[in-house]
Amino acid sequence: MIALLIRDMKLAMRAGGGFGLGLSFFLIVTVLVPFGVGPESTLLAKIAPGILWLGALLACLLSLDRIFALDWEDGSLDLLATSPLPMEGVVTVKATAHWLTTGLPLCLASPLFGLLLSLPAEGYQWLVASLVLGTPALSVIGTFGAALTVGLKRGGLLMSLLVLPLYVPTLIFGAEVARRGAEGLATTTPLLMLAGITAGTIALLPFASALVLRVNLR
Amino acid sequence: MMPDLGKYGDTVLSAYAVSIVLLVIMVALSIRASRKARAELQKIEGRRNG
Amino acid sequence: MGSIWEYANPVKFIRTSEIVLPWVSILATVTLIAGLVWGFFFTPDDYRQGSTVKIIYLHVPAALMAINVWFMMLVTSLVWLIRRHHVSALAAKAAAPVGIIMTLIALVTGAIWGQPMWGTWWAWDPRLTSFLILFLFYLGYIALWEAIDNPDTAADLTAVLCIVGSVFAVLSRYAVNFWNQGLHQGASLSLDKKENVADVFSTPLYVCIAGFVLLFIALVFLRTRTEIHKRRTKALLARERLG
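Each protein sequence line maps, in turn, to chains A, B and C.
Note that the working numbering gives residue 118 to position 118 of the first sequence, counting from 1, and the numbers run on in steps of one.
Count along the second sequence from 1, add 1000, and you get the number used in the working numbering.
Count along the third sequence from 1, add 2000, and you get the number used in the working numbering.
Quick caveat, the hints were computed from the structure, so don't treat them as lab data.
For clarity, every value in this text was computed on a predicted model and none was experimentally measured.
Please note that the accuracy of each hint is not assured.
Derived PhoX-like pairs: lysine-lysine, alpha-carbon spacing no greater than 25 Å straight-line [to be verified]:
1) Lys-2012(C) to Lys-1043(B)
2) Lys-2012(C) to Lys-1007(B)
3) Lys-2230(C) to Lys-1007(B)
4) Lys-2230(C) to Lys-2012(C)
5) Lys-1007(B) to Lys-2234(C)
6) Lys-2234(C) to Lys-2012(C)
7) Lys-1043(B) to Lys-2234(C)
8) Lys-46(A) to Lys-2230(C)
9) Lys-2012(C) to Lys-153(A)
10) Lys-1043(B) to Lys-2230(C)
Listed next, with one range per pair, are the computed distances between beta-carbon atoms [stated by the list, open to error]:
11) Trp-2124(C) to Val-1021(B): 24 to 30 Å
12) Asn-2009(C) to Ile-1031(B): 22 to 28 Å
13) Phe-35(A) to Trp-2038(C): 54 to 60 Å
14) Arg-2083(C) to Leu-204(A): 18 to 24 Å
Idealized CB from N, CA, C, for every residue including glycine.
Assemble the whole structure, with the sequences as input and the hints as a guide.
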């Protein structure tokens, strides 16, 4: 399992994808927003938590199709299926690798992007906290979407259509934590809900992803 | 015959019109697809048996 | 050639549908027309909402169906995954487009109704938002069916999507509720009389709901039969090609 994780991480980094692309995408979204809504810092401060969460979500979404695509093409996914490692383990490792290469860098870089959008000072810790808690759910849900569409040519657009509605609860609670934090309100309730969603998806969704992947490899 | 719908006449009528059009389209498409599928199947079964 | 489930049941389903479908169709047409005519022509206006209250005879049944069709798809998906009963998977496939149209009717009539009552076509009210999300779920489900060639793979994948989607749809409902308080009134047809709409409105409403349900049943029978015919055609063509 560890070996698979390390291999996946190496692959992601060598492809220049992982860290680089997701972060660059996040940066571009953040830079484009003021062009769209105007440079007024009060307005930017108000929408910053939501924009940052959306940016993180889209950056996650963009890198999802790489989770299985390469392994599917060169047949190593079939090898993994016949290996002693259970399929549930494989998808969990894949999701972890995706989070480490996409979600984690986004969390770490988000304060910098918050700065660009004049996020209020109280907001930073909550923004990072909500992203750290929420992005694992994004990766796990995304892995499910990637597993659903793994065999399809041009599955990317379909996968977005399938995954985005599943992201709704995570986005709502995540952005709510960041927003309330930035406005200096109590954040406990949405934070707990967000943690609950993340814990629930991590516990249950790998079974669905594994089931779907087995169907696709049949 | 027509009930007095008052100032909201357009609202009510458009709601009914849109809904009925949608329902009719759905029913018509379902029936057409059904006829087509059945005709095709009969053609092939006829070819096999004939 | 295959198990009894694969062959006998679709045949039995077709035979049953030949008998049932005409009756259900007639009953659905009569009930629906009766309910809508009753609602449209023979109900009084509400003292506050004026004649717009008549939209309820479309809006509420469509909204109820939008949710219940998804629920029916959830049940048939589970049956397919557990029993491998082909008709079940095809019934879920057949129901989805009906569900999305019901959702669309609920959304559109809601927007038309909301314009004079709430002064806006659209608001991010929890129920409206939830229905929009439900609409997206239907879209994804139908798109996944369309995208996959192998019928059994498609049935499996869409069934899992339906189950996972159901969980997330419920989660979204709560999340959306938390996120914004709404404009909608509370329950309209609960047993608690005080909250209820008055009897003059509710009796034709029940007739309309029955009409929508019957229409849905008729459509699912018809569309499932279409899917069975299509699949049989495909199988026969494949066999011909093999020689």
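A quick look at each hint next to the structure:
no.: 1; hint: Lys-2012(C) to Lys-1043(B); in the structure: holds (21 Å)
no.: 2; hint: Lys-2012(C) to Lys-1007(B); in the structure: violated (54 Å)
no.: 3; hint: Lys-2230(C) to Lys-1007(B); in the structure: violated (50 Å)
no.: 4; hint: Lys-2230(C) to Lys-2012(C); in the structure: holds (16 Å)
no.: 5; hint: Lys-1007(B) to Lys-2234(C); in the structure: violated (55 Å)
no.: 6; hint: Lys-2234(C) to Lys-2012(C); in the structure: holds (19 Å)
no.: 7; hint: Lys-1043(B) to Lys-2234(C); in the structure: holds (12 Å)
no.: 8; hint: Lys-46(A) to Lys-2230(C); in the structure: violated (54 Å)
no.: 9; hint: Lys-2012(C) to Lys-153(A); in the structure: violated (37 Å)
no.: 10; hint: Lys-1043(B) to Lys-2230(C); in the structure: holds (12 Å)
no.: 11; hint: Trp-2124(C) to Val-1021(B): 24 to 30 Å; in the structure: holds (27 Å)
no.: 12; hint: Asn-2009(C) to Ile-1031(B): 22 to 28 Å; in the structure: holds (24 Å)
no.: 13; hint: Phe-35(A) to Trp-2038(C): 54 to 60 Å; in the structure: holds (56 Å)
no.: 14; hint: Arg-2083(C) to Leu-204(A): 18 to 24 Å; in the structure: holds (23 Å)
Hint check: violations occur at hints 2, 3, 5, 8 and 9; the rest are consistent with the structure.
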